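Kindly produce the complete structure, drawing on both the sequences and the hints.
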Amino acid sequence: MEQLYLDHAATSWPKPNVIKEAMMLALEQSGNPGRSGHSLSLNAARIIHQARHTLAQFFNAPSSAQIVFTLNATDSLNMAIKGMVKPGDHVITTCLEHNSVLRPLYALKNAGQIELTVLELQDGTVQPEQFAAAIRPDTALVVTTHASNVIGAIIDIAAVSRICQKAGVKLLLDAAQTAGVLPIDVQELNLAAMACAGHKGLLGPQGTGALYVRADVELGFWREGGTGSISHEVYQPPFMPDRLEAGTPNTIGIAGLGASVKYLSEIGIDAIRQKEAALTEQLRAGLKRIPGLTLYTPDISMGVFSINLEGFDSAGLSVALEREHGILTRPGLHCAPLAHKAIGTYPQGTTRISIGYSTTEAEVEQVIKALEELSRQVR
Amino acid sequence: MTPELDLYIVTFHSTYWAFEAEQVLKDSGFQCRLRPVPREYSSSCGICAEVKAADLAAILDTLEQHGLEHDAAYGPLKGR
Numbered sequence: 001m002e003q004l005y006l007d008h009a010a011t012s013w014p015k016p017n018v019i020k021e022a023m024m025l026a027l028e029q030s031g032n033p034g035r036s037g038h039s040l041s042l043n044a045a046r047i048i049h050q051a052r053h054t055l056a057q058f059f060n061a062p063s064s065a066q067i068v069f070t071l072n073a074t075d076s077l078n079m080a081i082k083g084m085v086k087p088g089d090h091v092i093t094t095c096l097e098h099n100s101v102l103r104p105l106y107a108l109k110n111a112g113q114i115e116l117t118v119l120e121l122q123d124g125t126v127q128p129e130q131f132a133a134a135i136r137p138d139t140a141l142v143v144t145t146h147a148s149n150v151i152g153a154i155i156d157i158a159a160v161s162r163i164c165q166k167a168g169v170k171l172l173l174d175a176a177q178t179a180g181v182l183p184i185d186v187q188e189l190n191l192a193a194m195a196c197a198g199h200k201g202l203l204g205p206q207g208t209g210a211l212y213v214r215a216d217v218e219l220g221f222w223r224e225g226g227t228g229s230i231s232h233e234v235y236q237p238p239f240m241p242d243r244l245e246a247g248t249p250n251t252i253g254i255a256g257l258g259a260s261v262k263y264l265s266e267i268g269i270d271a272i273r274q275k276e277a278a279l280t281e282q283l284r285a286g287l288k289r290i291p292g293l294t295l296y297t298p299d300i301s302m303g304v305f306s307i308n309l310e311g312f313d314s315a316g317l318s319v320a321l322e323r324e325h326g327i328l329t330r331p332g333l334h335c336a337p338l339a340h341k342a343i344g345t346y347p348q349g350t351t352r353i354s355i356g357y358s359t360t361e362a363e364v365e366q367v368i369k370a371l372e373e374l375s376r377q378v379r
Numbered sequence: 001m002t003p004e005l006d007l008y009i010v011t012f013h014s015t016y017w018a019f020e021a022e023q024v025l026k027d028s029g030f031q032c033r034l035r036p037v038p039r040e041y042s043s044s045c046g047i048c049a050e051v052k053a054a055d056l057a058a059i060l061d062t063l064e065q066h067g068l069e070h071d072a073a074y075g076p077l078k079g080r
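These protein sequence lines map, in sequence, to chains A and B. Residue numbering for the first sequence follows the numbering used here, beginning at 1 and increasing consecutively. Residue numbering for the second sequence follows the numbering used here, beginning at 1 and increasing consecutively.
Just to be clear, a hint being listed does not mean it is correct.
[Claimed, not checked] Subject to a maximum C-alpha distance of 30 Å in a straight line, what follows is the list of computed DSSO-like cross-link-like pairs (lysine-lysine):
hint: 1; chain 1: A; residue 1: 86; chain 2: A; residue 2: 109
hint: 2; chain 1: A; residue 1: 262; chain 2: B; residue 2: 26
hint: 3; chain 1: B; residue 1: 26; chain 2: A; residue 2: 20
hint: 4; chain 1: A; residue 1: 15; chain 2: A; residue 2: 369
hint: 5; chain 1: A; residue 1: 369; chain 2: A; residue 2: 20
hint: 6; chain 1: A; residue 1: 15; chain 2: A; residue 2: 341
Simulated from the structure, these hints should not be mistaken for lab results. In this text the structure is predicted, and so the values were computed from the model without any measurement.
Printed below as a string of structure tokens:
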């Protein structure tokens with residue numbers, strides 16, 4: 001049985017061939033970037049420098065120095081959240097957040113460092129007006145996902161940005177589910193920071209992520225260590241990107257990420273979004289026809305669908321989809337407990353079907369047929 | 001007399017700016033090789049650009065035109 005991968009919200013698969021070539025080349029030709037000054041060291045530094053430029057261009061960052069490479073979106077979010085908040089700050093976030101946002105924020109709340117407001121689900125998503133209503137004089141930061149990893153609901157980030165700008169509140173965007181799929185212009189959105197994974201919509205390898213930080217936002221130090229700059233000093237350099245990039249980086253992974261983002265740039269974000277949107281509507285229409293299927297994803301969404309099928313536990317449905325149809329999905333709570341509480345699927349969870357750039361119309365038909373068949377079996 | 005005597009080095013505040021400068025200088029047709037900073041010069045970054053003495057003024061102009069920060073220029077290099 002051929003495998004059909006529909007777990008792109010977890011990580012994209014398969015990866016484009018261009019990243020394999022770039023990673024192999026980097027593996028063969030990299031010294032420690034920017035440290036030693038010999039040809040292999042310079043090669044590695046150039047690979048990273050080029051990748052930084054490619055990402056800066058992709059997100060329209062004013063300078064590539066404002067882009068730092070991280071391990072993943074979780075790493076980026078922890079750096080941004082913990083580097084931005086000060087004791088006594090009020091922070092606003094949403095019930096749709098992943099634990100990579102919720103856990104750092106709840107840890108800060110629990111330690112008495114911040115006050116936290118969590119916005120509830122309203123008409124399938126979180127509405128911009130809810131942010132406006134929650135802003136207080138002591139609100140310092142809004143942290144929001146661009147789209148839910150559980151139900152695919154999109155938050156109108158342009159409207160949220162206007163609200164934050166008017167109120168003088170910093171906005172941190174979690175673009176883990178949207179980078180590489182929805183257009184993101186960090187200047188137009190006036191983001192204080194943006195966190196993204198390298199291995200999801202950006203099609204890069206696992207173990208890569210990125211964080212954009214606006215030039216006037218001075219993030220607290222995250223980790224201190226070697227940077228290849230001001231080596232005579234025992235203090236971390238204050239300038240970007242060195243400020244946030246201590247230690248030998250994942251040069252091989254970053255080579256892959258640079259290559260995948262270049263590949264996406266060549267295709268163009270509008271073409272990617274159009275293709276994804278067409279497949280999303282095809283899948284939505286198909287899922288709505290299946291008897292006994294509950295669809296939790298709202299009508300305006302990314303290609304991320306949470307479902308339950310009558311007669312199946314969410315894990316059981318994932319197992320049946322793989323064993324009987326070769327279709328790979330994700331069951332359970334998807335690391336977003338508040339989102340599941342909001343849609344009434346806590347603790348049983350949902351089966352999540354998520355499409356990606358490599359998904360085809362025929363594959364979408366295949367998963368719809370498989371679910372129809374499973375639905376017939378239990379009815 | 002060794003050819004090194006015709007060379008200057010330009011230092012930068014960080015690796016980032018050294019690689020930004022390399023790209024701009026190469027695109028502008030200058031000869032420019034990145035190398036470790038000679039120990040006799042002080043620099044906040046371990047990598048510097050080795051350039052021809054005759055090009056130095058034009059190179060510093062080019063860097064300024066592109067808004068690229070450099071730290072200092074030293075030379076001519078004496079020996080290896």
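Hints versus structure:
1. Restraint check for residue 86 of chain A and residue 109 of chain A: the C-alpha separation of about 12 Å stays at or below 30 Å, so the hint holds.
2. Restraint check for residue 262 of chain A and residue 26 of chain B: satisfied, since their Cα atoms lie roughly 22 Å apart, inside the 30 Å limit.
3. Straight-line distance between C-alpha atoms of residue 26 of chain B and residue 20 of chain A comes to about 28 Å, which keeps the hinted pair within the 30 Å bound.
4. Restraint check for residue 15 of chain A and residue 369 of chain A: the C-alpha separation of about 26 Å stays at or below 30 Å, so the hint holds.
5. Using a Cα cut-off of 30 Å, the hinted pair residue 369 of chain A and residue 20 of chain A is violated, with the two alpha carbons roughly 33 Å apart.
6. A C-alpha spacing of about 33 Å is found between residue 15 of chain A and residue 341 of chain A, which places the hinted pair above 30 Å, so the restraint is violated.
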